[in-house]
Amino acid sequence: MNFMASTQPENRLLGPQSDSQRTLYPYVTGTSVVALKYKDGILMAADMGGSYGSTLRYKSVERMKPIGKHSLLGASGEISDFQEILRYLDELILYDNMWDDGNSLGPKEVHNYLTRVMYNRRNKFNPLWNSLVLGGVKNGQKYLGMVNMIGVNFEDNHVATGFGNHLARPILRQEWHENLSFEDGVRLLEKCMRVLLYRDRSAVNKLQIAKITEEGVTISQPYSLKTYWEFSAFKNPTQGAVGSW
Amino acid sequence: MFRNQYDTDVTTWSPAGRLFQVEYAMEAVKQGSAAIGLRSKTHVVLGCVNKANSELSSHQKKIFKVDDHIGVAIAGLTADGRVLSRYMRNECINYSFTYESPLPVGRLVVQLADKAQVCTQRSWKRPYGVGLLVAGLDESGAHLYYNCPSGNYFEYQAFAIGSRSQAAKTYLERRFENFMDSTRDDLVKDALMAIRETLQGETLKSSICTVAVIGVGEPFHILDHGTVQQMIDAFEIAGEQEGPAAEPDAAARQEAAAEQGGSTDEGVAPMDI
Numbered sequence: 001m002n003f004m005a006s007t008q009p010e011n012r013l014l015g016p017q018s019d020s021q022r023t024l025y026p027y028v029t030g031t032s033v034v035a036l037k038y039k040d041g042i043l044m045a046a047d048m049g050g051s052y053g054s055t056l057r058y059k060s061v062e063r064m065k066p067i068g069k070h071s072l073l074g075a076s077g078e079i080s081d082f083q084e085i086l087r088y089l090d091e092l093i094l095y096d097n098m099w100d101d102g103n104s105l106g107p108k109e110v111h112n113y114l115t116r117v118m119y120n121r122r123n124k125f126n127p128l129w130n131s132l133v134l135g136g137v138k139n140g141q142k143y144l145g146m147v148n149m150i151g152v153n154f155e156d157n158h159v160a161t162g163f164g165n166h167l168a169r170p171i172l173r174q175e176w177h178e179n180l181s182f183e184d185g186v187r188l189l190e191k192c193m194r195v196l197l198y199r200d201r202s203a204v205n206k207l208q209i210a211k212i213t214e215e216g217v218t219i220s221q222p223y224s225l226k227t228y229w230e231f232s233a234f235k236n237p238t239q240g241a242v243g244s245w
Numbered sequence: 001m002f003r004n005q006y007d008t009d010v011t012t013w014s015p016a017g018r019l020f021q022v023e024y025a026m027e028a029v030k031q032g033s034a035a036i037g038l039r040s041k042t043h044v045v046l047g048c049v050n051k052a053n054s055e056l057s058s059h060q061k062k063i064f065k066v067d068d069h070i071g072v073a074i075a076g077l078t079a080d081g082r083v084l085s086r087y088m089r090n091e092c093i094n095y096s097f098t099y100e101s102p103l104p105v106g107r108l109v110v111q112l113a114d115k116a117q118v119c120t121q122r123s124w125k126r127p128y129g130v131g132l133l134v135a136g137l138d139e140s141g142a143h144l145y146y147n148c149p150s151g152n153y154f155e156y157q158a159f160a161i162g163s164r165s166q167a168a169k170t171y172l173e174r175r176f177e178n179f180m181d182s183t184r185d186d187l188v189k190d191a192l193m194a195i196r197e198t199l200q201g202e203t204l205k206s207s208i209c210t211v212a213v214i215g216v217g218e219p220f221h222i223l224d225h226g227t228v229q230q231m232i233d234a235f236e237i238a239g240e241q242e243g244p245a246a247e248p249d250a251a252a253r254q255e256a257a258a259e260q261g262g263s264t265d266e267g268v269a270p271m272d273i
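Keeping their order, the protein sequence lines are chains H and R.
Quick note: the first sequence uses the UniProt record's numbering, first residue 1, plus one each step.
Quick note: the second sequence uses the UniProt record's numbering, first residue 1, plus one each step.
Same shape as in the complex, but just chain R (with noise of 0.2 angstroms):
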């Protein structure tokens, strides 16, 4: 995308019908780091990396539980992603005062979608950098959105977003015909190797990801380190005796964690690939 006389405000078009100003908000996405959300009939997992600017400060949050039965998680400009919640999570709990009954996340997801299209038609605002996994359930089962800063929602089996994200909806798109069945486990699972996915080789362990949890009688929750790291343990081992994966890259790749003694890195030798 290259700089040109059309892309300064949000409010005017291009030739071709376009508004770059947004389409820029939605590189800002593609900038963050990697954000993962697959469902099943009745549970959603959320995942995404968590990298710390620097060994001395923490990392960001990403995840974001709005209400018992809604979660988000973000990618992009997290400040952006932190209002936004605030405002879900207004929107829920004033609902809940009304009608003393969870908000359905479909509603939450078009008046989410609603609010990011105003800043794309006012000339004194700008898009939200900022790119939505939002998790919940209501009526009809568990479901899964992605909201842009255009303004467009679209529901998902399952999606990445983020940076490297590819890789992840490369993985997602070979497994997503059987989340629909999935046990909660599994699908836990399944989102810890689409992360790994967009690792590019990195070891996974729970210190850089977040994983959470939604589901029928299961409200939303963020997974523990100790959980989380356990998981990894368990099919990080399986992975060895499986040797599943169509793509060579992945069965080296596991091969070679487990040789390396698994999750800790201890004298990490680097890959040979």
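Isolated chain H (complex conformation) (with noise of 0.2 angstroms):
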């Protein structure tokens, strides 16, 4: 007879014995990144900012990595999560480059493998914190997708991860159109990444673009936007409030 009181839940997944072993919430974290389509491939922008908490701890995060000839990863959440989803990626396609055979993964097939590993995660209840971003060009056709750390997955013209998809998204629906130029494209991601940057706490002002053509990946230097403070709303922000604030 077993007269042990099992307080230990049925699964090892579940409980105090497991939490050491699994995710449960982010640490350091980046903000987000918005992405689109423009006429020779994929534009992206992400901040360079890791959080830790409230705190504006790391400044010069890169959240955007070429991954393989064809695509382009972007994250935004837990950075360890990006950093170790980039080791899984760099292993995919050190197999695929070793076949040595013409064929090579596209970035519809790298989202793909993206969501089953992420779905996969989610699923043991060990999830990767990241909201990934994942756009590139190959045989002409352009790609962008999004999928998540529970594993939602899709396709879009534009994409964006965490605030992006409230506060980028609606300018980017108004005013994305097919075949925008590289000017016009960087154009509108600094709109959205300036609206970003006065409204989401965690946002730093110092960013990269990055260019995914047919020709390869370009990510720009780190730069600043610039910002306009004066507006007197700012100056003095409770005149004409009623009540405490």
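Treat the hints loosely; a few may be bogus.
Some but not every residue of chain R turned toward chain H, in silico, with C-beta under 8 angstroms [what the hints assert, rightly or not]:
| id | residue |
| --- | --- |
| 1 | 98 |
| 2 | 104 |
| 3 | 106 |
| 4 | 138 |
| 5 | 139 |
| 6 | 140 |
| 7 | 189 |
| 8 | 200 |
| 9 | 224 |
FYI, nobody ran anything at the bench for these hints, they're computed from the structure.
Bear in mind the structure is a predicted one, so any value in this text is a computation, not a measurement.
From the three backbone atoms N, C-alpha and C, an ideal C-beta is built for every residue, glycine too.
Could you fit the two chains together into a complex? Lean on the hints.
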């Protein structure tokens, strides 16, 4: 007879014992990534901030990386999980190259692979705490997709993660159109990033814009957006307000 | 090939550096009924001779669809072929699920070859006794591969395996330079002609052969008997008018077939040649 009162859960995956073995909350996080399709490929923007809770602790985190010949990955969420994903993808691309046969994984394949990984981790209650943007061009076909920590994935002409979904996408819905030129695309992305900078408290004013075309990936040097803080409403926010705020 | 003291195990080398069991496995392929394949830039056609054991039975399935973009024709131990087809289908569907993209045929062929190689290096296994003609599409176009029991694989413009395949190979050797630019229908016609070469005089009808096509924009599918019979009829009549083919045998055979009313074989007279 087993007299031991079983306080442990039946499966070892959920319970105090197992909490040290799985992701419960994120620690160092990146904020929004915004991306859109333009005439020659994909443009993606992300700032270089790594927040530690409410502290804007790291200010040179590269949150966009090229994957293989045809793809670009941008991530928001837990930075260490992003690094883990980069390791998985590195191995994937390595094995793909080892075939040495003229075939290569395109952005669609990488996106679907990531979806499988994210969803499987979610099912084990040990997610990779990220929202990922995967863009690329292969054989003239542009591809832009998103997948997040619960495995939700989709493709679209413009995508964003986190706050970008609320602040950037409405702008993109209004102003995006097919065959944007490079300059127009960058202008549009900067408009989105500026709004995010004003309104997202985890945004930092140091960003990179990445471009991927049939020729390859270019990630810009970090730069800052010009901002304007002289609005009278900012200077005197409580003027005309009723009550304590 | 004669029996010798080095041919009992697949893991025993002969002094001449041969693995006899593997070579015997390749003999099994030569005993199977013929299968042929040919390709152009955009299409691949597979064909095989399907003779039933007796009038009472149906014929064995020798052409398998592996995925929309890959198909295989086998010669040799059909049971081994069936098992390998299942493996190929599995690999394709798993790849499709993970990457939402078709598995490049070149990679599948390598995986198949590696699987066959394992059986040439384990004392508790035997080599697969089946040759596979794998037809498929990938980014770089249409491909035809031949996988051997030895674990080797080769890419071909056109090839034939199985019994009496030499006759088909001779026919294909004469014509293969034109295949790259052939239309789909010409390719099917050439496949049927090649199949006919292996029949050594027997009339070609759709009940004894199977033809499958795969091409850009055309998923792998086996042509139904009606279509095949129509094509046979069409070129046999055309054959009489053209009077082509270098071999006098072929010309005489065409004329004899046309005289006897083409596809129907009522009252077929024996060949005079």
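Hints, verified against the model:
The interface hint given for residue 98(R) is met, as the beta carbon of that residue sits about 5 angstroms from the closest beta carbon of chain H, less than 8 angstroms. For residue 104(R), the suggested interface contact is upheld, since its CB lies about 4 angstroms from the closest CB of chain H, less than 8 angstroms. With a least beta-carbon distance of about 5 angstroms to chain H, the hint placing residue 106(R) at the interface is held under the 8 angstroms criterion. The beta carbon of residue 138(R) is positioned within 8 angstroms of a beta carbon in chain H (closest approach about 6 angstroms), and the interface hint is therefore held.
The criterion of a C-beta within 8 angstroms of any C-beta in chain H is met by residue 139(R), whose closest approach is roughly 6 angstroms, and the hint holds. Satisfaction of the interface hint for residue 140(R) is found here, the shortest Cβ-Cβ separation to chain H being roughly 6 angstroms, below the 8 angstroms cut-off. This hint is violated: residue 189(R) has a C-beta 31 angstroms from the nearest C-beta of chain H, more than the 8 angstroms allowed. A hinted interface residue such as residue 200(R) counts as satisfied when its beta carbon comes closer than 8 angstroms to some beta carbon of chain H; here the least separation is about 39 angstroms, so the hint is violated.
Against a cut-off of 8 angstroms between C-beta atoms, the interface hint on residue 224(R) is violated, since the closest Cβ of chain H lies about 33 angstroms away.
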